[in-house]
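**Student:** Sequences are here, hints too, so could you generate the full structure?
Protein chains in written order, with the working numbering: chain B, 107 to 629; chain L, 3 to 332.
Hints listed in this document are in silico derivations from the structure and should not be mistaken for laboratory results.
Please note that a few of the clues may not be correct.
To be verified - With beta-carbon atoms standing in for the labels, derived distance ranges:
#  : chain 1 : residue 1 : chain 2 : residue 2 : range
1  : B       : Gly359    : L       : Ser152    : 50 to 56 Å
2  : L       : Asp320    : B       : Arg496    : 34 to 40 Å
3  : L       : Val139    : B       : Leu129    : 50 to 56 Å
4  : L       : Val139    : B       : Ser235    : 17 to 23 Å
5  : B       : Ala492    : L       : Pro120    : 32 to 38 Å
6  : B       : Pro240    : L       : Thr300    : 38 to 44 Å
7  : L       : Arg273    : B       : Leu149    : 47 to 53 Å
8  : L       : Asp320    : B       : Ala492    : 32 to 38 Å
9  : L       : Asp240    : B       : Gly219    : 27 to 33 Å
10 : B       : Gly219    : L       : Gly255    : 47 to 53 Å
Note that the Cβ used here is the ideal one computed from N, Cα and C, for glycine as well.
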Amino acid sequence: MARRPVALGATVIAGAAAAALVLALTVGTLAAVALRAEFSRGLGPAEWAAIRFTLWQATLSALLSTVLAVPVARALARRHFPGRALLVTLLGAPFILPVIVAVLGIVAVFGRGGWVNAALSAVGLGPVSIYGLPGVLLAHVFFNLPLATRLVLQGWLGIPAERFRLAAALGFGPADIARHIERPMLRAVLPGAFAVIFLICMTSFAVVLALGGGPRATTIELAIYQAFRFDFDLGKAALLATIQFALCVAAAGAARFVTVPEAAGPGLDRPRELYLHGRLRAAADALWITLSAVFLLAPLAAVVLRGAPAIAALPHPVWAAAGRSVVVSVPSAFLSVGLGLAMAAAIARLGRRRGAAVLEGIGYLSVAASPLVIGTGLFILIFPIADPARLALAVTAVVNAVMSLPFVLRALVPELRRIEADHGRLADSLGMHGWARYRLLILLRARRALGFGLGLAAALSMGDLGVIALFADPEGATLPLQIYRLMASYRMADAAGAALLLLALSLSAFWLFDRGGRLGADA
Amino acid sequence: MRLASIAAGLLALAGPVMADEKPVLTVYTYDSFVSDWGPGPAVEAAFEETCGCDLKFVGTGDGAALLARLRLEGARTDADVVLGLDTNLTHQAAETGLFAPHGVEVPDLDLPIAWDDPLFLPYDWGYFAFVYDKTRVTDVPHSFPELAESDLRIVIEDPRSSTPGLGLLLWVKTAYGDDAERIWQGLADNIVTVTKGWSEAYGMFLDGEADMVLSYTTSPAYHLIAEEDDSKAAAAFDEGHYMQVEVAGKVAGTDQPALADAFLEFMLSDRFQSIIPTTNWMYPARVPADGLPKGFETLVKPSRALLLPADKAAAVRDQALGEWLAALSR
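**Tutor:** Listed below in structure tokens is the structure:
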């Protein structure tokens with residue numbers, strides 16, 4: 107096709123450079139580990155069982171999360187009520203919690219001695235045990251329903267108002283709207299959301315083990331962990347990490363294959379008001395919002411209640427660590443969004459060309475990467491040339507940026523595609539290329555997605571243990587590492603207080619950037 | 003006050019200010035040793051008073067992560083001393099060839115076992131045990147079969163990712179040999195869940211998610227001394243209790259051999275040993291002249307100490323793990 111070959115150059119080169127950094131941190135670190143391997147026993151039946159279980163639980167987790175996200179996002183998209191913005195922000199919180207904190211929050215609500223069982227026994231029922239596959243799914247839906255909801259919600263909010271007006275003018279009923287407007291949007295959004303969540307759940311391990319009830323719930327990531335520290339079989343670790351990447355590529359490819367880009371024409375980019383009347387529908391929406399809010403907020407409430415007594419009197423090192431975490435998270439967020447913007451712009455520019463698929467696939471890679479392999483690979487690469495402890499915070503910021511990139515891309519790619527489709531021709535005809543195109547078109551138009559991406563990346567970076575545990579010197583701990591240290595020295599109450607502080611900081615960062623991005627965009 | 007500490011944290015980002023020319027002794031250890039609540043800061047201050055050196059701790063994960071890091075670094079390692087391996091890891095550590103004989107005239111140690119390892123010196127030790135809350139558990143089991151027959155619910159750590167988990171694995175294997183798998187099958191329905199590390203397990207226990215947790219006989223001392231809470235206790239098992247002996251060794255390629263020797267001597271001195279009980283919550287390898295802190299006398303004392311020699315521990319590990327996986331994966 108000979109369409110618009112102009113100015114592919116700079117945009118695509120920037121995107122390719124960003125992709126190269128991702129490749130270096132994911133495939134490069136894996137190669138570093140593989141090259142250090144001296145021997146390998148290869149994969150035994152235990153590893154194959156781990157691979158099967160990983161695929162099974164990740165598929166179910168992603169399916170549940172995305173399916174449940176549809177009614178929740180629809181309800182949030184078409185209902186306006188006081189506190190809605192706050193609720194949407196709070197619903198994002200589980201996704202950014204450190205695993206150990208979230209597990210204790212979930213257990214406080216759904217565990218053997220949790221609130222649910224207390225309520226059940228009060229009415230003479232129970233007890234209900236979540237340990238096993240139900241616990242794994244519960245935890246993964248808790249973590250990922252917010253992400254799925256946000257992605258689907260963005261899809262809904264991105265539908266131009268003209269389409270709904272047109273539908274109203276044509277006398278469309280809810281079924282027609284669903285068929286002609288909503289379903290095409292979902293077909294464009296859901297496969298990507300499914301793929302991302304599938305990959306997140308694939309590399310999950312501490313939460314799977316804790317709520318899975320025992321070694322039946324062994325994932326690939328745990329097998330990698332075992333290969334490293336129990337067998338010191340770097341070859342096996344590298345092999346397992348390669349399998350994770352292969353599954354990642356397959357999942358990304360499958361998602362792309364079933365994704366149907368929205369075909370409907372561009373809108374005038376006006377805010378839309380979407381009020382659907384009908385008492386039954388309103389009640390259903392209210393029910394979905396209430397259920398999801400209770401499910402997601404109850405464990406958070408447990409985190410708050412556990413931490414509140416200790417937060418005022420937290421020891422100095424915790425506050426110092428909080429300062430370091432904030433300082434790491436801001437540049438990490440901007441780096442992540444910078445990389446995401448470069449890649450998303452290139453993807454949008456490349457349109458249906460194969461290069462777009464390759465770039466997008468690379469963007470997914472870090473979510474399938476084993477944090478342990480990244481950390482170890484970086485260690486192998488850095489150790490001969492520099493003191494790893496000196497670089498700990500810088501390396502943490504870069505790794506966290508790349509780890510957040512898949513989520514940033516999920517928010518940016520659809521937005522930039524839409525901008526390219528709606529305004530690309532006009533921009534081309536005006537000769538807007540390079541920086542001018544970014545400044546006058548993309549940055550302005552994609553403000554909402556950019557703010558969301560920055561907020562998410564900052565919050566994720568704040569809450570992620572990342573590679574700091576492998577690199578930190580005693581005085582360089584970030585807040586998540588400090589929480590682990592408090593717990594390791596029996597100080598569970600202080601750890602709970604520090605976890606609440608982390609939750610507050612992560613949410614504030616997310617809220618500030620997200621709101622910042624929306625300023626003026628809603629008006 | 004908080005702003006000041008945040009600012010201090012930010013200043014630390016700018017990089018350490020190195021003005022003095024003192025020799026640096028680098029000690030690799032596990033992360034919780036160097037934390038603000040571990041023994042690290044007090045040990046560093048005490049040693050630097052006399053050594054005329056800069057003692058630099060480098061913390062990495064736990065004992066197994068420490069060994070993995072050492073293997074990655076190989077002979078190029080910056081470590082002069084490695085502190086924090088246990089006897090379940092010392093066989094593999096010795097096989098790396100990275101360690102030199104400690105050369106210390108070993109003083110009388112207060113260990114339940116004789117010590118004759120030429121490479122590694124112990125600095126503290128403890129017994130693995132199931133810890134419970136006296137206000138909730140009244141019918142306390144006194145053996146693994148009794149525990150298996152009870153309705154008690156326990157949380158344990160995964161031997162593949164946790165050193166206490168590995169300790170439990172070897173405890174059952176040492177006490178029951180070929181019957182270990184049967185014991186695990188009996189315990190399967192008592193196990194609420196298996197966690198990645200000690201912290202998750204202990205946190206879940208304190209939150210009331212389980213009646214007992216695999217920890218140490220010394221764990222109740224923390225609650226008693228730091229929280230004035232005497233409700234926690236460890237169950238004494240008739241089979242005996244498996245020990246964890248934590249050791250340090252001198253790196254053969256050290257560029258500070260004299261300082262490394264001085265540190266290992268210091269490690270068994272009263273100064274170092276008196277820091278251990280209330281920071282690492284373990285027994286000191288040599289009880290200092292002042293004795294153990296008040297409260298330690300209340301701890302349960304196992305009738306038998308179990309410990310596999312390092313080479314046996316390494317040899318039996320894979321088979322024990324296979325039995326554990328088979329029994330708990332049904």
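**Student:** Run every hint past the structure and note whether it holds.
**Tutor:** Status of each hint after checking the structure:
{"no.": "1", "hint": "Gly359(B) - Ser152(L): 50 to 56 Å", "result": "holds (52 Å)"}
{"no.": "2", "hint": "Asp320(L) - Arg496(B): 34 to 40 Å", "result": "holds (38 Å)"}
{"no.": "3", "hint": "Val139(L) - Leu129(B): 50 to 56 Å", "result": "holds (54 Å)"}
{"no.": "4", "hint": "Val139(L) - Ser235(B): 17 to 23 Å", "result": "holds (19 Å)"}
{"no.": "5", "hint": "Ala492(B) - Pro120(L): 32 to 38 Å", "result": "holds (35 Å)"}
{"no.": "6", "hint": "Pro240(B) - Thr300(L): 38 to 44 Å", "result": "holds (41 Å)"}
{"no.": "7", "hint": "Arg273(L) - Leu149(B): 47 to 53 Å", "result": "holds (50 Å)"}
{"no.": "8", "hint": "Asp320(L) - Ala492(B): 32 to 38 Å", "result": "holds (37 Å)"}
{"no.": "9", "hint": "Asp240(L) - Gly219(B): 27 to 33 Å", "result": "holds (29 Å)"}
{"no.": "10", "hint": "Gly219(B) - Gly255(L): 47 to 53 Å", "result": "holds (52 Å)"}
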